[in-house]
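K.L.:
Take a look at the letters that make up each chain.
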Amino acid sequence: MLRYILRRILVLIPTVLAISLITFIIIQLPPGDYLTTVQASLAAAGDRPLDAAELARLNERYGLNDPWYIQYWKWISGIIFHGDFGDSFSYGRPVSDLVQERLPLTVTLSVLTLLFIWAISFPIGVYSALRQYSAGDYVFTFVGYLGLAVPNFLIALVLMWIGLTYFGQSVGGLFSPEYRDAPWSLAKFGDALAHLWIPVVIWGTAGTAGNIRILRANLLDEIRKPYVTAARARGIPSRRMTVKYPVRAAVNPFFSTIGWILPGLIAADAITSQVLNLNTTGPLLLNALMAQDMYLAGSVLLISAILVVIGTLISDLALAWLDPRVRFRY
Amino acid sequence: MPTSPTNPAIISRRQLIVGSGGIIGFATLSLTGCSPDEGGETESQNATPPADRPLESPLLTERVEAGELPPMDERMPIAEDRLVVPTTEYGTYGGEFAGVILDQDRGWLDRMIHYEPTVRATPQLDEFGTPGTLKSVDVNEDATEFVLHLRQGLRWSDGEPVTADDVMFAIQDVFFNNTLYPTIPEFLTADDQPCTAERVDDFTVKLTYTGTRADFLVTASRGEQPKNLLGWPKHYLQDFIPDLNPEANNIAVAAGFSDWMDYWSDRKNYYDNPDLPTLAAWSITSPLNEGTVVVAERNPYYWKTDDQGAQLPFIDLLEFEIVQNDEVMLLKAVNGEIDFHARNFNNDPNRPVLADARESGDFRFVTVEPTSMNQMIIALNLNHRDAAMRSVFQNKDFRIGLSYAINRQDIIDTVYQRQGEPWQAAPHSNSDFYDEEYAKQYTEFDLELAAEHLDRAGLTETDGEGFRLRPDGQRLSFQVDVTAGTTQHIQAMSLVVQTWAEVGIQATVNTLERSLFYDRKSPSANQHDANVWGGDGGFRTEQDELRWWFPSWSESNYAVRWAEWYTSDGASPTGEEPPAVVREQMDLAKQMELESDPEERDALFRSILEIAKDQFYAIGTALPGDGYAIAKNHLRNVVDSYPESPLYFSPGHVDPPSWYFA
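If you read the protein sequences in the order shown, they are chains V and R. Just so we're aligned, residue 1 is where the first sequence starts under this note's numbering, counting upward by one. Just so we're aligned, residue 1001 is where the second sequence starts under this note's numbering, counting upward by one.
Zero decoy hints are in this set.
Quick list of simulated restraints, FRET-style, between CB atoms:
#1 ALA119(V) / PRO1050(R): 57 to 65 Å
#2 HIS82(V) / TRP1553(R): 35 to 43 Å
#3 THR1460(R) / VAL158(V): 55 to 63 Å
#4 GLU1577(R) / TRP161(V): 53 to 61 Å
#5 SER96(V) / GLY1159(R): 29 to 37 Å
#6 LEU103(V) / ALA1387(R): 53 to 61 Å
From the derived model, a few chain R residues whose C-beta atoms are all more than 12 Å from chain V:
#7 LEU1059
#8 ALA1254
#9 VAL1581
#10 ASP1626
Not the full set, but computed from the structure, chain V residues with beta-carbon under 8 Å of chain R:
#11 THR37
#12 SER41
#13 GLN274
#14 VAL275
In case anyone wonders, no lab produced these hints; they're calculated from the structure. Where is the CB? At the ideal position from N, CA and C, for every residue including glycine.
Assemble the whole structure, with the sequences as input and the hints as a guide.
P.N.:
See below:
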């Protein structure tokens, strides 16, 4: 087992380096650079574009005239040797500060969403499998498909519109205006909770629906297996038998998704966050990509790639812990 | 409006600007000039000042009484050096302004807070060079010497006095610092020679140019920083420049920056650095690049008053929530959560939605007169990379034919909500330079005339599908670049190519991401066949924005290589020498820069326009209708209508510090 973990970790290093190179190249692929984007957006807003001298000065300062491999080396060597992810052009601040500023909210939302998904989908999934083709199963299936099919941002827009027209609620954001920049207090916490459920529900719909379907399908497979019949035949009480054997086997997908929490912490659902005006890392990444703010975009992507890789490792380990069949293969 | 007797852009070179004295007379006049606004609130409130109205914010009085601030007379310039802003109503102090900003869009902050140039443009942009942070500017006969008079007792927002040293610092240590500015800002040069600055006394600086600088006052009225000689507080900024502080690099490194240049770039931005002293009415306390809201608090040392001597601004605090998405902004506006806005979502398609919500959201429309003269101008690339295409595009008959083959009224009806009228790339109907013939030439929709002109251009042969062939026998076919996101351009251009097809011209709409659009049209790439853009510079800014009159800079999309030749004085390898008639326009433009007599300048400009009219470089579509801003009904002293210009940071020139909440 230890050797397995070690081998996995060693494989991580070239994987992450390869990812960093590919993301950097992809970010550089679109024509133009940060400054042409600035020029274009100034012009689009009706503002005066920068003049040629100023442009040349900024090009020099940001090193945008260097070939891509030199820019890549500057960036990656800073990360490897100094732990420095570089500065964002558009914010004029270190990338790490920008990410840190948005981390608490992003983490809170991601964890709450995951708990929400589990809390809802687990009982429903089990119910749907055990009462297959009952009225309840049909209702949950219907709602589940709806949750999978409707894009999150659309639900967000609809909820916002309802909140606005019927409740006169302030649009977007996580706090009422009076708490927005207040230091954390009990009252602010309460205010946040009152707003928090909206993004959690929106982010959670697709995940919940997906998990219900997976759990239902897995459990249906399991309860038809001979060992279940055997257990029943021995007179084990139905409830205890279900939880102890088939459910335990069917619950695998829950653990294999633990790994997804980690990248989710960084690359939170960008479009929904943007629509709901949540200050998470999602919109930060989205705007950085659109502005070709390459160190910011590259670093956020790199961090989330590292988290995907680590998360997958953790998932595998958790699965191995849960399921002896996985464990004994190594 | 159309027949303004004097040229708006230029004031007499000998005109001595007198500060408060001259303006007070104007102020009493304007008191009676309060007109109704669209929102229905017609009667003017507070037309006479309430008897017990305090002359400074009660918040400041408290701080003075607590000993935290000097009294008002010590904070403000001496009485005769204060700038008096005429207001329609006498404001009362207090209130928090609720605004929005789209992500890192500092442009809106510039426009709302940061229009404090040395000399100003008037609210209607009909006069330039009126007193700003400077009390007055004396100009000599040849417009080569400028004596800048500072306001005595003027202070930065941290309470430090503003003196001639600050101006000298801006010129000698900032703009003439060849690390910060490898080329000296054009504004401080004449005939490529830098001007010299001389400190006469504590409150006077004299600038001497080697040649005529006729546009000094107009240029200085603009919002951008290189033109602002009083935007650089020496006592604060000098620490960051190695010439003045040997420790500058160490300070920068200690603050986590790689060198002093990086730190300087960070420190000089008012929107990201709350420590930077300013002369604006509100100074930033919560910066743009941190958190989710920008906050700006009242500057207790602000130097403007209304005509009863009440210190501006009236509003205590400005809050701009950073919003990620303009649809969210629109929802907020509909919900009445925004006190004033004129950007992002204030466009034609959203007008009906906002108009409907005016009552429930308790806001009104403020008219924003476009300075643009066209919704969409189609620029065929006269410098096309392919010689055969170039000769077709350069044929004026070809362009006339295309122009006749556009159903402009149809486009106006379907795309622009029936606002505006058919228009070429010609000055706005409100402009002093309006020429009906120029504006209306070739704008009828007439396919027969179109075909006739196209035949005359030598495109007589057609292929099996009915498309016209080039002289070399190939089918004439080209792409028109349109930026993604400008939905109306895409819609309008799609209609244009349909009617073009009816006269045998094959064109396709090529929707591109903005930066790719820009990349393709750069002089070095020159990859575009044709593209479309709005008609900047049609009203109030005709002489400031020359792009559509002749190939004058990189935004002259129809001939970027000729423009490159002009801006680089023929030095750039990607420039191309234009034909004689275009060079004649360029010569006229150079004469215009040197001409100090406004009448002569106008005459030269008219000659440029005459040639532009005859050359017919690009094809216009429709004159834009008025735009609009939204303002909450309880926000008062906002003008009913103002011209929009990025050069003068609209609405900065209508003086937001004089706004108040009723």
